[in-house]
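Engineer: The primary structure of each chain is shown beneath.
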Amino acid sequence: MTTQVRADMSRDDVDALVTDRYLDSLLAAADRHADDAPSDAGLDPGVRDAARVLGRSLVRVHPSFRFEERLASRLAELAAVQAGVAAAAGGSTAGGAIAGRLLAFPSADASAFASAASGGDPLLDAILRGDLDPTDADAVERAARLPGSRRPLIGGVAITSAAISLVGVAWVAWRAAHPAAHPAGGTITRIARTDHVRRVAAAMSAGGLGGPA
Amino acid sequence: MPARSSGCASPRDRCNAVARAVFGRGGQPATGSVVAFDRDRSLVEAARRDPAQFDALYRKYLAQVYAFALHELADHHAAEDATERTFLRAIAALPRFREQARVEDGPEASTFRVWLFRIARNVVANERRTRRRRPAASLDLALGAGLTIADGTDLEADAVTRDEAAEALRVLRTLPDDRRRALVLRFVDEMSTAEIAGILGRSEGAVRVLIHRALGSVARELGRDRRGGRDRGDEGRA
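Protein sequences appear in the order of chains S and U. Just so you know, the first sequence maps onto residues 7 to 219 in the numbering used here. Just so you know, the second sequence maps onto residues 635 to 872 in the numbering used here.
Please note: incorrect hints may appear among the correct ones.
[Claimed, not checked] Just a few of them, taken from the derived set where beta-carbon distance is under 7 Å, the chain S residues facing chain U:
id: 1; residue: H39
id: 2; residue: R66
id: 3; residue: A85
id: 4; residue: L152
Hints in this document: simulated from the structure, not taken from any laboratory. Please read these numbers as outputs of a predicted model, since none were measured by experiment. All C-beta atoms, glycine included, are put in the ideal place defined by N, C-alpha and C.
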């Protein structure tokens, strides 16, 4: 949306507005891959040249594919835990679409599961609990100054993976004590159990698991 | 307003950016007023229903956040760390995100992008405070020869372009934080002044002046460097 020059604007404001419009046209020209850079007689030549140099130099760089996929996995893990916590708290989820893989944690332990999923990052814990707004610069700075507020990210993935595994073990233990109320859950369990029995039987018939030779 | 950053094939693809009539609900009469929807509304709503759907927002904004962090921190590994923290915090806080699209922001506006970059700004600022140092050469090393798009057919021109880019980055690093940040958001992430104002917590007018002055500083520094280079060349010839 274009801002108009008003009579009450200072010289600085008007110059800034002219520069802003020039930058809009410069970036739009780059977007069109146009060779001809726009010209503006009202603009200081030095500022115009600086804008052109920065337009050519400040390029967007994509991170490595490996990093992209690693972080995507990490976000997916956290998303799975969040979905489970939301389900346990009775919040809305994706309906039946992902119900089959939701982890219905006991709500009392929701924050503990979320904490485990954060990989030991106290700031992320606080955000997950709703105690910290990550857009609030002052609050984030205060929280970051607290002892132990930083965690090594290099080990973050391993820590989180381990935490997710612990979450999985805890869920299996809890699930064993709480049979599925949904009929589909029982069906899935029966299928898994049958499959497991078949695998054990096959292993035993092959001489594994201490069965008869 | 430039919108190079969008991956949509056409403006129509940004379906949630199209202004639509708002009709009354719950027995209220239709007002007929028109509101501008946040262009990321559908993605944000999907991610709220199912956190796994956050992946679409992540893929859309990954390069923008990473590039912002890289130009701010001038270190490849630090930029990856900052990017990781930013997206983890974003997905954790998404249930509390509030869309604040305004009609005057135009159909390209994304308050989600502004919200995400406010998180990134805090992560980067915290990282800079922690490190207490400003690497002088690592950005050049990180970006290497791929810093600018060179056509490869004119080696002399490519060298000039690379020198020019290195000079520009050096000058950029000498700027105060708010000026440098505003230029990076304007040029690298191609944001409007309204979006930058939302991220930096300033008025649009203040951001325009900030960018204008920052460009003035860059122009003076580049001019000084060029004059210095010419002087050194003259001395060499003499």
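Engineer: Please flag the earlier hints that this structure goes against, numbers listed from lowest up.
Structural biologist: Hints 1, 4 not satisfied by this model.
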